[in-house]
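These protein sequence lines are chains R and L, in that order. With our numbering applied, the first sequence closes on residue 243, and no number is skipped along the way. With our numbering applied, the second sequence closes on residue 1167, and no number is skipped along the way.
Derived by calculation from the structure, the hints in this document are not laboratory data. This structure is a prediction, so every number in the text was calculated from the model and none was measured.
Each pair of labels, with its calculated beta carbon distance range:
(1) 1165(L) with 140(R): 49 to 55 angstroms
(2) 93(R) with 1087(L): 58 to 64 angstroms
(3) 6(R) with 1106(L): 22 to 28 angstroms
(4) 226(R) with 1004(L): 21 to 27 angstroms
(5) 207(R) with 1008(L): 29 to 35 angstroms
(6) 1143(L) with 140(R): 48 to 54 angstroms
(7) 1154(L) with 92(R): 38 to 44 angstroms
(8) 65(R) with 1103(L): 28 to 34 angstroms
(9) 1106(L) with 200(R): 27 to 33 angstroms
(10) 1143(L) with 196(R): 50 to 56 angstroms
(11) 1106(L) with 240(R): 15 to 21 angstroms
(12) 1143(L) with 152(R): 54 to 60 angstroms
All residues carry an ideal CB built from backbone N, CA and C; glycine is no exception.
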Amino acid sequence: MHLIKVNAINSTNSFGREMFRENPQLPATCIVAKNQLSGRGQRGTVWNSEPGENLTFSIVYPKPGISPDHQFLLSAAVATTIVEALDQFELPRLKVKWPNDIMSANYKIGGVLIENVLNDGKVAASIIGVGLNVNQKAFSGLPQAGSMFSVTQKRFDLDEVLAVLLYALEKELDQLSNKRAAEILTDYKSQLFRIHVPSTFELPDKTLFTGMIADVSLSGKLLVRTEEELLKEFDLKEVRLCF
Amino acid sequence: MDLKEIQNLIKFVAKSGASEVKLEMDDVKITIKTGSEDKETTIVQQVPMGGMQAQPQLQQPQQQPTPAAQPETPAPSGEKAAPQEDSKYITVKSPIIGTFYRKPSPDKGAFVEVGDSVKEGDVLCVIEAMKLFNEIESEVSGKIVKVLVDDASPVEFDQPLFLVDPS
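Put together the whole structure using the sequences plus the hints.
Right, here's the structure in full:
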């Protein structure tokens, strides 16, 4: 995979998108920024990261082996791969929080933002943005955020962590089209935060209810078994897992 | 037969390439006509342009149970004005289920407005599903005639999003 290192940039995803626009023949490329000035999270939210302390990178991957209606599998595979790769750094209780947050010791230490370019009903390219908090010590105003440092009290070499992640992600992306959906989902669920344990969920109207994550569907919806033994299906905007 | 089944049936007929299908069963009779010339998929929620006839047409008078689907070979659409007027334009449809966004982010302007000229490969909108963001590129060059869906509203698979005048 090609690697482009930049000092300061607005958003590695936006930069990657621009590179693909200028060159639709672009091979798989990773853009890593020492300082991401206006990183993006979910629509309308931001991803803040202290310069030089964390990893913020995007992989532009042309023609990933998925169809537009199976794209949750890409998201699931990327999050699962990151968690499995980070395991070698001996982080406590590494999990994926639905749909694709990276958790360690109940703190969110990373996030994934995937943007696909769709043309003629096919995924022309995926731009996979990853933000991983590595050595940042404090997260003011974000009680649920953490870093690899905050959960281990150890500092990590950014280049080494990046190399481990890129190796694992490239391998996974290259073989994605050969994997069966069930296999990807099974791996994902084996790493899922709070699956099969009683949890509290919040609905958009702020009411809380108790239930257990029972499953995740092919399209990425969360299936929750309620106290009344009902199986309810939720889209991302329809429920929030409290932790 | 509920609305969902009817929608599925319409999608099926549209994909089959048939120009007209009549279906009669129990107390339901349905006629689905599609614009055969441009192979457009038309679905119930579509808001057509002023003066255009809503198609497909759904009729539900009582009828004896005699199931019969009659796919016909695509016929020239000379008998109706609507498909002809429609065929000038290319409909950009949603490739996935999700939420339709006209802007790259809430504080930015729309990707395209009615009257804008677009080239092949230009981004028309973003459709978000489960935190995955999909930029939808135009497959044609032309002028945006109509935006068929409101910003931040849910869209179905194959739902028409834009009308583009390729001329």
